[in-house]
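Asker: Spelled out, the chains give:
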Amino acid sequence: MLRILILALGVLTLLPTPGRAQDLQTILQLHTEEVENPGRQTVGVVIEDLIAAEMPVVPVFLTHWQDREIVLNAEDGRFYALVDDADGQATIRDLDTGAESTVAAPALTEVRPNGGVRREIAAALVRFQLSDPAPANRRAALDAIARQPDADQIAPLAASVEDEEDEVIRADKERLLNILTARYGDTTEARITAIERLSGRITPDARAALSQVLTTSDQIGTGEPDGNVAQVYTPGDEITRAEAYGRLVDEGLAPAPVSPAAIRDALIANIEDGAIAGVPVAEMNTDAARRDAYERLAEAGTVPPFVPDEQIDAALESHVFYAVYDEDDPLVTDAARATLRSVDTQVSLNKTADLALDALSLASIYFLAAIGLAITFGVMGVINMAHGEFIMMGAYTGYVVQQIVPDYTLSLIIALPLAFVVAGAAGIAMERLVIRHLYHRPLETLLATFGISIALQQLAKNIFGTQARPLTAPDWLSGQLVFNELVAISYIRIAIFVLAGLFLALLLFILRRTRLGLEVRAVTQNRGMAASMGIDPDKINMATFGLGSGIAGIAGVAIGLYAQVTSEMGANYIVQSFMTVVVGGVGNVWGTLAGAGLIGVLQKSIESMNPSNTLAAQTYMILFIIIFIQFRPRGIVALRGRAAEA
Amino acid sequence: MTLLEVDGISVTFDGFRAINSLSLSMGEPELRAIIGPNGAGKTTFMDIVTGKTRPDSGRVVWGEDNRDLIGMSESAIARAGIGRKFQKPTVFEDQTVRENLAMALKARRDPFRVLFRRADNAGRIAELADEISLADHLMRKAGELSHGQKQWLEIGMLLAQEPRLLLVDEPAAGMTPAERGHTADLLKRLAKTRAVIVVEHDMEFVRRLDCKVTVLHEGRVLAEGSLDHVTKNRDVIDVYLGR
Amino acid sequence: MTDATMTLPHRTPPVRQTSTFGFLAALAVFAVTVTVLAEQGAISTSFVKTLGKTLCLCLAAVAMDVVWGYTGILSLGHMAFFGLGGYAIGMWLMYARTEGLVVQSLASQPLPPTPGELRDAIGSQIFGVVGSSDFPLIWMFADSLFLQLMMVVLVPGMLALVFGWLAFRSRVTGVYLSILTQAMTLALALYLFQNDSGLRGNNGLSGLQNIPGFENTSQAALSLGFFWASAVALALGYLLFAWVVSGRMGSVLRAVRDDEARVRFLGYHVESFKLFAFVLTAVVTGIAGALYYPQAGIINPNEIAPIASIYLAVWVAIGGRGRLYGAVIGAAFVSLLSSWFTGGGAPAIALGGYSLQWTDWWLVLLGLSFVAVTLFAPKGIGGLVDLIADRRRPDRQGDYGPDKGAKRAEEGAE
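Going down the list, the sequences are from chains A, B and C. Using full-length UniProt numbering, the first residue of the first sequence is number 1, and each one after it goes up by one. Using full-length UniProt numbering, the first residue of the second sequence is number 1, and each one after it goes up by one. Using full-length UniProt numbering, the first residue of the third sequence is number 1, and each one after it goes up by one.
Certain hints may be false.
Said to hold, decoys possible - Label-pair distances were calculated between CB atoms; the ranges are:
(1) A:Ala563 <-> C:Thr342: 27 to 35 Å
(2) A:Ile271 <-> C:Asn216: 30 to 38 Å
(3) C:Thr342 <-> B:Gly15: 55 to 63 Å
(4) A:Ala563 <-> C:Ile298: 27 to 35 Å
(5) A:Asp292 <-> B:Asp110: 56 to 64 Å
(6) A:Asp292 <-> C:Ile43: 38 to 46 Å
(7) A:Thr302 <-> C:Thr217: 47 to 55 Å
(8) A:Gly278 <-> C:Leu161: 51 to 59 Å
Claimed, not checked - To spell it out: a stretch of chain B is covered by chain C in this simulated footprint if at least three of its residues, at any positions, have a beta carbon under 8 Å from a beta carbon of chain C; those stretches are:
(9) 21 to 35
(10) 182 to 195
Said to hold, decoys possible - A partial selection of chain A residues facing chain C, derived with a Cβ cut-off under 7 Å:
(11) Met284
(12) Thr286
(13) Gly451
(14) Leu459
Just so you know, the hints here were simulated from the structure itself, not pulled from any lab data. It should be emphasised that the depicted structure is a prediction, and the values quoted were computed from it without experimental measurement. Note that CB positions come from ideal geometry on N, CA and C, so glycine has one too.
Could you build the full structure based on these sequences and the hints that come with them?
Answerer: As structure tokens, then:
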């Protein structure tokens, strides 16, 4: 950078300064050599001059130059833009006047700037585009700068901010200018101000700018570390001793240690008559034997000797390992470090917020999947392994409706109640035919409903095939609600959340405020007594089971919208659903809510610690639940006392 | 001498005080009847002594070495010498009378001893079966017995345990008058060598036992003494007849 | 449990002995018959393997019957122990076989390999599929057959001990316990599915049918050998459990099943007895797994998925709980029937325009017949024996009948 400036300065003093009256061709003629065979180092001079000329044709020329459309006409030694080239005759255009003429093609030499030069040209062009009348071009220019930030862009960018009319682009320009100033600003004060202005900004480019300021390179020295030191590495502490010695070897400051592979290669190279240094090859099957043989070869001077440990110690002792900032000014790096810390805090806060949203939506899915189970398992004490298949049934109902009703919104409106009816009817049928005969034998119920579960799963496979079926959400549910770069939530998840909330309210209403709820609670608490008061327990059980299964059907539609519909989708939720009910506390809607919340938050938090491994997250979550049940066997919301033991 | 000392126990279920600083002392041997209206805390009291329910406060001191029973498991308390007879006869219906008795016989109860020490004490089982008049039914399954026979079998199992303290919950419920007499006699006989606590509703039965009576009400001891003494007590009359 | 056997005098009832000896005799006849037929080539090697595997499943089912039918713990996690036993032996099989191959391929090198080089080469051979070459810590003993055989017993035993201790101590019972055991299996399966579980993720361990040291023995002879080993293991396991469930131990276990609170008041530490049954059956199931997987040739985490354990419970229920031969009948019957149906052995049924393929419909049939068994024949296939042997005895209040007074009424109510 400095060299270019000196060079440019030298050129400028040697050559006559191009005046305002001059045309483009004149400037080009001053730099014939640089235009014709531009190099990355030399092209800067031409570009400087062209920009300084402030002529409207300059960007046009630069564009042609970049696109390799400039030719040198040998007849007059002038540069032209090539318009067309056919049958040995080429049409060329004068760069200043725009007049077109035809010449013989062999007279023209194409100017072919290489990639590096073209990048320089493009950078220069950006300045012109910054003030381009078309907003799209201005935006493109900003993107170009952001992609390849450069000190030279500060001035043009700053100049273009003033006249910017578009509010948004203006804000973007200011933001970019700030980032550029932070990295390349002239004065320490300007840079520090710019850096401090970056605090609280969580966009990736701001963070990139800060970390660019803070890039380091590793150094090895013998005395006190010099420069803007970022960190001193103590061998065996911040870096391993082997690593530290490896650096010394890389720098040529110490002899390379002999690796096992090197020993091996040296031994193989020195096999003579089935023996190495007199020892039979067959005995070389331990590391100790190989070292011995190598030692002997080394004594004979055939191979370089081992580096003794003392020598390694001494080498490490006599050197200092440290990293220095590429930025020399400690004030700038200090400010950048402080700002980066505050930005990191902001980022982790935002990430936590995003995690919380994720956890919330997962919790509402678990809640939806489990609440039906909470009713049948919690209120009636019936364990229904086929609950997952009712979820699946609801999802397939949604799929079938979508095949018949093409309008996604309408089909969703039809599918939700229909899924309730289908799954609810299936639930009632199961209660009548199977579960009714198995009350008070929960383990048998578990196995019988499991039989139903595998039968239904296989049935779905036979009907719909093994491949996943899509359940498409209407347009108004696609996309996501974006809060900022880090916090966003898809509308489907919001819809599921709302649905879960509605069901919570509905269930609480049914159980607490309606006749059905009263009767359900009466049957739950004392079946015999309820029966003697004229409540038909059979009917109540049927209604409860229908309600629980129907809700599973609706949950199926909701789950199908964001995951795919397969015959196994229910099975994937069944264990989690039971966990939710058990962790939350049986027989209590609030308990299920608490269980779903706990499991959702837990799963997302564990996942966030190791995002690449969701399997591990699930494993640890289940382990946690197993341990949790040790301490609260009755769940979070537990009934206590004799009532709970009855 | 004092065998069981219940000292100021209280327990609350969801805000309801089932037992309210209850104190009671049992000697050995002694026969004691506990009476009281529904919800007086009779069953909860037995639950606490046998380790099923843990009180919020108070102590239950047992035996010569004054062990605190609170915090011990049900099985450890049972091994320490407290036997319990439930109101509904609870025997293992799927097993024979003989098996039921063999299981209850006093012996070491850790799994490996149970597994390897196979010989049971046939003589003792025959003796017990005689005592409970089930000698002819040893090989029948307990589930086939009549209600009364099940009651007897359960009592036989308690005897096999050789407890020092016997807690008996409404033994006379569902029995014919003849059986009641028989049962009262048996309890009185048992109480000659050990402590027996009988929880009972039936005043006639309690009168037959002819022993010290403790009246419980709302988790406290309302009165204590002979049956005649407590039935004259003003508070007791209020509680039983309503105010 | 309306076993006629329990009604006769003395601590080891003769009829029970009769049923045990009857079973052992039948097993011996079966094993000899299979051997003779296999020698004559009347049945294929793969069918001998299927029969050998079935015997292992029967052993697991017998263990399941003890823990569920006798002790009342519906464990939905016993196939996890089965799988762990398989993994334990599979590690040695895979290590030893790979070692043989690696030694062979390194023999052409100019220098004989050092132990370290050998280990690295084996490591990259085994763990190449999951992008690793280092031996995880759990493979520490993989080079020793003896230690891995110890692992077959210790790993399932320790897992059962820790899990059972935690679960029983906090008095989780009934369906809660079932769900918890299911969660345990699921957690284990999910863990093993990971590539960095150290057990090759979803690739599992393979090539287990090649037994190191028997490279020159034919698969036919090997399969017969494993068949006999499985038969002997089943016989020994059956004897062991028949002994355990007889006498006072059996009495206490069944009492725990029917009314565990009452057993506590008799002075038995219920948790210890449950733990005893849980751990013992887990160990036996692990041994069954260790015999099964060399015959299957491959083990992967799918084998541990919760569904496998549920099938185990299904077999026991169909065969008849609370009688050991019932579990054997159930496991053999259902698993052989299942491989007949799913293997395409059963003829398709033409239903007008629809051809009913059993490969598609077998699971539907199984599921529905399972519901039917639970509803109409709670004693399972073994119940037929009662019909023949014990016609006189009136039906009484028992555990498995549909009557309301069944003792199980209390379980799961917590």
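Asker: Taking the hints in turn, state whether each one holds.
Answerer: Against the structure, the hints:
Checked against the hint of 27 to 35 Å, the C-beta distance between A:Ala563 and C:Thr342 comes to roughly 28 Å, which is consistent with it. Under the hint 30 to 38 Å, the C-beta atoms of A:Ile271 and C:Asn216, about 34 Å apart, fit the expected range. A hinted range of 55 to 63 Å for the beta carbons of C:Thr342 and B:Gly15 is consistent with their spacing of about 58 Å. Checked against the hint of 27 to 35 Å, the pair A:Ala563 and C:Ile298 passes, with Cβ atoms roughly 30 Å apart.
At about 60 Å, the beta-carbon gap between A:Asp292 and B:Asp110 stays in the expected band of 56 to 64 Å. The supplied range of 38 to 46 Å is broken by A:Asp292 and C:Ile43, whose beta-carbon atoms lie about 59 Å from each other. The beta-carbon spacing between A:Thr302 and C:Thr217, approximately 49 Å, falls within the hinted interval of 47 to 55 Å. Checked against the hint of 51 to 59 Å, the C-beta distance between A:Gly278 and C:Leu161 comes to roughly 57 Å, which is consistent with it.
Counting residues of the region 21 to 35 of chain B whose beta-carbon sits less than 8 Å from any beta-carbon of chain C gives 0, not enough to reach three: the coverage restraint is violated. By the rule of at least three residues with a Cβ nearer than 8 Å to a Cβ of chain C, the coverage given for the region 182 to 195 of chain B is violated, with 0 such residues. A cut of 7 Å between beta carbons decides the hint on A:Met284: the least distance to chain C is about 5 Å, and the hint holds. The interface hint given for A:Thr286 holds, since its Cβ lies 5 Å from the closest Cβ of chain C, which is under the 7 Å cut-off.
With its C-beta approaching chain C no nearer than about 3 Å, A:Gly451 sits inside the 7 Å limit, and its interface hint holds. Because the smallest distance between the Cβ of A:Leu459 and any Cβ of chain C comes to about 6 Å, under 7 Å, the interface hint for this residue holds.
When held up to the earlier numbered hints, the structure conflicts with 6, 9, 10 and fits the remainder.
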